[in-house]
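From first to last, the protein sequence lines stand for chains A and B.
All residue numbers for the first sequence refer to this note's numbering, where the first residue is 1 and numbers rise by one.
All residue numbers for the second sequence refer to this note's numbering, where the first residue is 1 and numbers rise by one.
Among the hints, a few may not be true.
Distance condition first, Cα-Cα at most 16 angstroms in a straight line; then the derived EDC-like pairs of lysine to aspartate or glutamate [what the hints assert, rightly or not]:
1. B/K11 - A/E152
2. B/K17 - A/D20
3. B/K26 - A/E18
4. B/K173 - B/E214
5. B/K11 - A/E147
6. A/K177 - A/E127
7. B/K11 - A/E18
8. B/K7 - A/E127
9. B/K108 - A/E153
10. A/K91 - A/E152
11. A/K59 - B/E9
12. B/K22 - A/E127
13. B/K6 - A/E127
14. A/K71 - A/E153
15. B/K6 - A/E18
16. B/K6 - A/E50
17. B/K22 - A/D20
18. B/K193 - B/E214
19. A/K71 - A/E127
20. B/K17 - A/E127
21. B/K193 - B/E176
Hint data in this document are derived by calculation from the structure and do not stem from the laboratory.
Please read these numbers as outputs of a predicted model, since none were measured by experiment.
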Amino acid sequence: MINTDSLTDEQLISLVREKDQELYGIIIRRYQTRLAHYLRKFIPDADALEDVLQEVFIKTYRNLYGFNVNKKFSPWIYRIAHNEALNHLKKQAKVAVSLDEKEWQIIDERKDVKEEVDASFTKKLVEKGLASLKEKYREPLILYFFEQKTYEEISDILRIPRSTVGTLILRGKSMLKQSLK
Amino acid sequence: MVDQDKKIEDKIMVEIKSGRLKLRSKYIFLAEKLGLGSAFVLSLILAVLFFNLVLFYLKASDGLGYLSFGSRGWLAFLESFPYLLVTSLVILIVIAGLIIRKTGMAYKRPFGYWAMGLVVFVLLAGTVLAFTNIAERIEARAYGRHPAGFLMRPFLERGFAGRHRGLAGRVIKVTEDYLGVQTPEQVERISLKHLEMPLREPVEDGMFVMAVGEQKDGIFEAKMIRVVEEGEMPMVGRGVHRRFGPLPLPPPRHF
Chain A
1 MINTDSLTDE QLISLVREKD QELYGIIIRR YQTRLAHYLR KFIPDADALE DVLQEVFIKT
61 YRNLYGFNVN KKFSPWIYRI AHNEALNHLK KQAKVAVSLD EKEWQIIDER KDVKEEVDAS
121 FTKKLVEKGL ASLKEKYREP LILYFFEQKT YEEISDILRI PRSTVGTLIL RGKSMLKQSL
181 K
Chain B
1 MVDQDKKIED KIMVEIKSGR LKLRSKYIFL AEKLGLGSAF VLSLILAVLF FNLVLFYLKA
61 SDGLGYLSFG SRGWLAFLES FPYLLVTSLV ILIVIAGLII RKTGMAYKRP FGYWAMGLVV
121 FVLLAGTVLA FTNIAERIEA RAYGRHPAGF LMRPFLERGF AGRHRGLAGR VIKVTEDYLG
181 VQTPEQVERI SLKHLEMPLR EPVEDGMFVM AVGEQKDGIF EAKMIRVVEE GEMPMVGRGV
241 HRRFGPLPLP PPRHF
């Protein structure tokens, strides 16, 4: 009997591919809350979110042999979620970004934003500001501030150079600040 | 939320256990990788080869020679330019660039960096290849009986095609006002009546000449003309030899 708790995602994927496909349930358990949290920034509707999340796990499973086990699994599955979110957004004309209380704490913990976003700004304003940002600025901001991803991981998820991630976050913050003024 | 999470997990696991949701075969991914890798290598090799052919074409055909006539030679040069070769070269580099993007291996650096790298590689490798005789061999095969060589003919044939603004070939007949000239395509008649400058040296049968002017009613009205060495435009020389063979020897003199 394998103690799956001590296995890394990558080791689990190897086992799912070669030995026991039912272990995929553990991957789902490990990622569904995190991915739901991430996707909620793009898909406020609960039913639509569930459909997209399910599609993400189905696509991930189908393409498991396309994953390189020498790399990190997390950016790979986030990449699939990102693509699915974009596909969903293409079908939607307008997007709203919603933040919960915990995310407000995260924003406060991340250095610059607290200084840049004046304390008097309301939650609604930030939601509106984020929603008004272009996709290319919004996504790195969400991944960095709300998903706690590093520049390296964001680079892997969005398939853009690490230096570009930094630039987009910086510009995104500045645009967000402008839109909140 | 916990119930919802469980619902998704259950749904997917039921699909997996029932066999309705399957892993895509590893061989599909392998084939995809190999296919893209091969396409990338092939497009890169062809780009290098085509750049080498562009260099060869410019060096061996009559095109660059027309520029020696100054502004009058520009139209003839543009007419003889290997557009198909250059366009194919650009398309091949774009294909190689698109494959780099598609594979997603190269996103760690800006795409411009890779595009620049591709162009530099093609230019360098193509220039190195110019020191070999590969382009001459391609030309020989294109105009020989080699079936694969035949595919290369459209890329090179502009070097042998008739032109409206320029003409280059071997002189076979000389009169006061006209020259008979063999080009790789046919025998042309050059009128010398409208020359802006007289010929610097007397023209004889077997010499190679290059002229700029205009085709009018089947006669090429030369504005400028000069005698050239066959080695200055070997592609034209080879074209003429292929079409007409060597110049017949003069009749033996009887003493």
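Here is how each hint holds up against the structure:
Our distance criterion of 16 angstroms between C-alpha atoms is broken by B/K11 and A/E152, whose separation comes to about 33 angstroms. With a C-alpha separation of about 11 angstroms, the suggested pair B/K17 and A/D20 falls inside the 16 angstroms cut-off, and the hint holds. For the hint linking B/K26 to A/E18, the alpha-carbon distance of about 11 angstroms falls within 16 angstroms, and the restraint holds. With a C-alpha separation of about 20 angstroms, the suggested pair B/K173 and B/E214 falls outside the 16 angstroms cut-off, and the hint is violated.
For the hint linking B/K11 to A/E147, the alpha-carbon distance of about 26 angstroms lies beyond 16 angstroms, and the restraint is violated. Taken as a hint, the A/K177 and A/E127 pair is honoured in the structure, with Cα atoms around 12 angstroms apart against an allowance of 16 angstroms. As the CA atoms of B/K11 and A/E18 are separated by approximately 22 angstroms, the hinted pair breaks the 16 angstroms bound. Between B/K7 and A/E127, the direct Cα distance comes to roughly 29 angstroms. Violation of the 16 angstroms bound is thereby established for this hinted pair.
Taking the CA atoms of B/K108 and A/E153, the gap is near 11 angstroms; set against the 16 angstroms cutoff, the hint holds. At roughly 30 angstroms between alpha-carbon atoms, A/K91 and A/E152 are farther apart than 16 angstroms, so this suggested pair is violated. Restraint check: the Cα-Cα separation between A/K59 and B/E9 comes to about 14 angstroms, which is no more than 16 angstroms; the hinted pair holds. This hinted pair does not check out: B/K22 and A/E127 have alpha carbons roughly 40 angstroms apart, beyond 16 angstroms.
Using a Cα cut-off of 16 angstroms, the hinted pair B/K6 and A/E127 is violated, with the two alpha carbons roughly 29 angstroms apart. With a CA separation close to 11 angstroms, the supplied pair A/K71 and A/E153 stays within the 16 angstroms bound. Of the supplied pair hints, the one linking B/K6 and A/E18 is violated, its CA atoms being roughly 25 angstroms apart against a limit of 16 angstroms. With a C-alpha separation of about 11 angstroms, the suggested pair B/K6 and A/E50 falls inside the 16 angstroms cut-off, and the hint holds.
For the hint pairing B/K22 with A/D20, the CA-to-CA distance comes to about 13 angstroms; that is within 16 angstroms, so the pair holds. Among the hinted pairs, B/K193 with B/E214 is consistent with the structure: their alpha-carbon atoms are about 12 angstroms apart, no more than 16 angstroms. This hinted pair does not check out: A/K71 and A/E127 have alpha carbons roughly 34 angstroms apart, beyond 16 angstroms. The suggested pairing of B/K17 with A/E127 is violated, with an alpha-carbon distance near 41 angstroms, which exceeds 16 angstroms.
Simply put, B/K193 and B/E176 have alpha-carbon atoms about 9 angstroms apart, close enough for the 16 angstroms limit, and the pair holds.
Checked against the numbered hints given earlier, this structure breaks hints 1, 4, 5, 7, 8, 10, 12, 13, 15, 19, 20; the rest are met.
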